[in-house]
Each structure stands twice: as structure tokens, then as C-alpha cells.
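**Student:** Given next are the chains, with one letter for each unit.
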Amino acid sequence: MTAASLSRQPLDSADIDQADIDQIALATYVLGLGDDTLILAQRLGEWITRAPQIEEDIALGNIALDLLGQARTLLSYAGEVEGKVTGTSRGEDDLAFLRDEREFRNVHLVEIENGDFAVTMARQLIFSAYQYELYTALLTSTDPTLSALAAKAVKEVAYHRDHATQWVLRLGDGTPESHDRMQAALDQVWPHVEEIFDTADTADILTALPGVAADPAALRPAWSRYVEAVITTATLSLPAPTWRSRGGRAGYHSENLGHLLPDMQNLHRSHPGASW
Amino acid sequence: MTSDVHPAPTGGSAGSRKGWPLWEVFIRARRGLSHQHVGSLHAPDAEMALRNARDVYTRRGEGVSIWIVPSSAITASSPDEKDPFFDPAMDKAYRHPTFYDVPEGVSHL
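Chains as they are written, first to last, in my numbering: chain F, 103 to 378; chain L, 905 to 1013.
Just chain F, same shape as in the assembly:
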């Protein structure tokens, strides 16, 4: 039984004790954060050899590798915590390559297609600014693994945020063509914003182990201040979407993830145990 599947079932307190329930909440939370970084790393990796310039190719590759590094720590930790409850812990590779779509816990934002460069930068601005607030909050997490990761990762995502900011400013305040495409990109990506700040998805861990996780809703004011300042300075307008994505943290995904996973998992599944 996996943490992912356990968390979807009503738990019978006669069969499972409270400490286990807490650990499952922790594993599920960490898995969600890990899947966000893993899937976005895969998406950004798709730009390699396709970026507008070789310099940008390297920049996107660097960001993808930073995220992959965070994913490794988070998935390993999720597998380890889950193992304490189930008795069999899964490693980072098991979680990355041997789960199917319904078992992934990432938000929809990170799985959307790259689109044009403006869409990728809009998504990156939203996500990096969120991760910056997330890791800043996790610096004071009572969980030593999460606070140690946050200390390292907050510097990485500060750079990712700056990189996306520079591009949104230049494309928004550039030519009429770049302005229109940057605005269209923001409009396209914005319906996925609400989901990343959805406290309901994090309720289990916030109740079970106070002080471990960051309440996503509490991250939003600082996120909004930053992102809105960038958008205003870039002479763009804040989108007002008429719908919102939901369900990623419960394993409900868009068609996009189904296309991404075979790309990411094929090698490992075709050649189990292959290594460099």
C-alpha cells in the first residue's frame, strides 16, 4: 500500500494508529512538493536544443537541474517516511519512474505544455515566485530534512525567479508583438494559480504535524506583491480567469501529464536498473 493510495481511503483508526496517520500526511505532502519539481524539471528539459539561443538553452537546463536536485531530496524523503508506515520504502527512482498518472501529486501548473517561450516564462514566474515563498517559510520548519532542503533551495529559486522576471519585463515592455504574446501567455497560465495556494490540499499535514508544512494560503500575499509588481512594471495586466484547475494533489491530472510520463519513464521501464 502506498502513501498515495492510503491517503485516498477513509482510514479506520482501529487499524492504524495516529502516528502512522501523521506520517502518511507528511509523506503525501512531501510527495506533492517533490512531484511539482520533478514534472517541471522534465518540462524545462524539453527546451534543451530548442531554446531561442544557446545561452538560454543553458539557463533553462540549469534551472531544470536545480529542480531535479530538489526532486531527488523530496522524493527520497517521501519514500523513506512512507516506508516507516508500510514497511517497504520506495526509492527516488521507484517514485519517479514506476508510478502512473493517478499516483502523481503535482499541481496542474507544472504539467501544462511549454507553449511558446512566453508561456514557459509566465509559468516559471508564477512557480518560482511561489517556491521562493514556500522555501522561505520552510526554513523554519520543525522537520530537519525540509528545513535543510529549504536553506539550499531558496538560493536556487531566487535565481529562477529573477531569470523569469527579467524575461517577463523584456517581453512585456518590448515590441507590440512580444507584449501581446506575453499577455496571452499570462492569460493562458493564470487559471492554474489558484490551485497552488489551495489550503484544502494541505489540510492533512497542517493538522497532523503543525510547524512542519507551510500553509500555501499564507504564502500568497507576498507572492502577489512580487508577481503583480513585475506584471505592472512590464506594462502587462493581471489576468482575471473564469475557471481554475484543481485536483492535482489528489492525482487528477490533465491529458498533458499522460503524454509527459512515457517520455520521462520509458528508459527506466525498458531497461530496469540501468545506470551510467
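Think of the hints as simulated: they come from the structure by calculation, not from any bench.
Keep in mind that this is a model prediction, so the values were computed, not measured.
Treat the hints loosely; a few may be bogus.
[Stated by the list, open to error] A few chain F residues facing chain L, derived, Cβ under 8 Å:
#, residue
1, A161
2, K254
3, V256
4, H265
[Stated by the list, open to error] Per label pair, the in silico range of CB-to-CB distance:
#, chain 1, residue 1, chain 2, residue 2, range
5, L, R964, F, R346, 38 to 48 Å
6, L, V1010, F, D317, 53 to 63 Å
7, L, R964, F, A320, 29 to 39 Å
8, L, D991, F, N216, 24 to 34 Å
9, F, F199, L, V1010, 32 to 42 Å
10, L, E966, F, N368, 32 to 42 Å
Glycine residues also receive a C-beta, built at the ideal position from the N, C-alpha and C atoms.
Following the hints, complete the assembly by docking chain L onto the known chain F.
**Tutor:** Then chain L, alone, in the frame of chain F:
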């Protein structure tokens, strides 16, 4: 936020692709050393060139400081002028500080 966006140098350079000008990158490896030329890259403006240089040239912790200079701002000696420029210095051994002993423990001299 746009105040730090430097205008791109006009005229570009012979090596510009899609209108992005060329920039020369200088990196200081650590405090006490001078900036060394490490290469060049393309970027739409100076601020982006700085960030690109960070990604291209300091991936392995090579530097503590980066300078960016528009390639078009560099005045270079011509290979054709090599002889009049450099040859007269060749036979003037007294210009080289080889008659002094370098004190032990002095690095980077």
C-alpha cells in the same frame, strides 16, 4: 524595475545572431585576483548578458565577480600590426624583472 535595464549597444557586432549583440565576459576567480577574460556570449542587453554569463561561465563555482563589456566597445590591435607593435620589445632584456629574486611566500606576483 526597468531602471536597471541597460540599453543595448547600437550597431551590434559582426557576430550578432538575430540582432543580439556580442558581449565579452571577465571573471574574477577569487578576491585579490584581477578579472580575466573567459569568453564571449550573445544577449539582448547588459543585464541579461550578466545572467547568461553566470549560467555559461560560473556553473562550477569559477567566480566571485563578473564584468560584462560590449564587444563593440573593445578597440583591438590588428594582427597586421603585430611586428611594429611587439617586435621592438623582444631584444630589450633589461625590461624584464629577471635580475631580482622574488621573495618566498609572495604569490600572484
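**Student:** Now look at each hint and say whether the structure bears it out.
**Tutor:** Evaluated hints:
1. A161: Check passed: Cβ of A161/F comes within 4 Å of chain L, closer than 8 Å.
2. K254: Constraint on K254/F not satisfied, violated at 14 Å.
3. V256: violated, 17 Å
4. H265: holds, 6 Å
5. R964/L / R346/F: 38 to 48 Å: Given about 42 Å between the Cβ atoms, the range holds.
6. V1010/L / D317/F: 53 to 63 Å: This hint holds: roughly 58 Å between Cβ atoms.
7. R964/L / A320/F: 29 to 39 Å: Because 37 Å falls inside the window, the suggested range holds.
8. D991/L / N216/F: 24 to 34 Å: With Cβ atoms ~56 Å apart, the hint is violated.
9. F199/F / V1010/L: 32 to 42 Å: Since F199/F and V1010/L have Cβ atoms about 56 Å apart, the given range 32 to 42 Å is violated.
10. E966/L / N368/F: 32 to 42 Å: holds, 36 Å
Of the numbered hints listed earlier, those contradicted by the structure are 2, 3, 8, 9.
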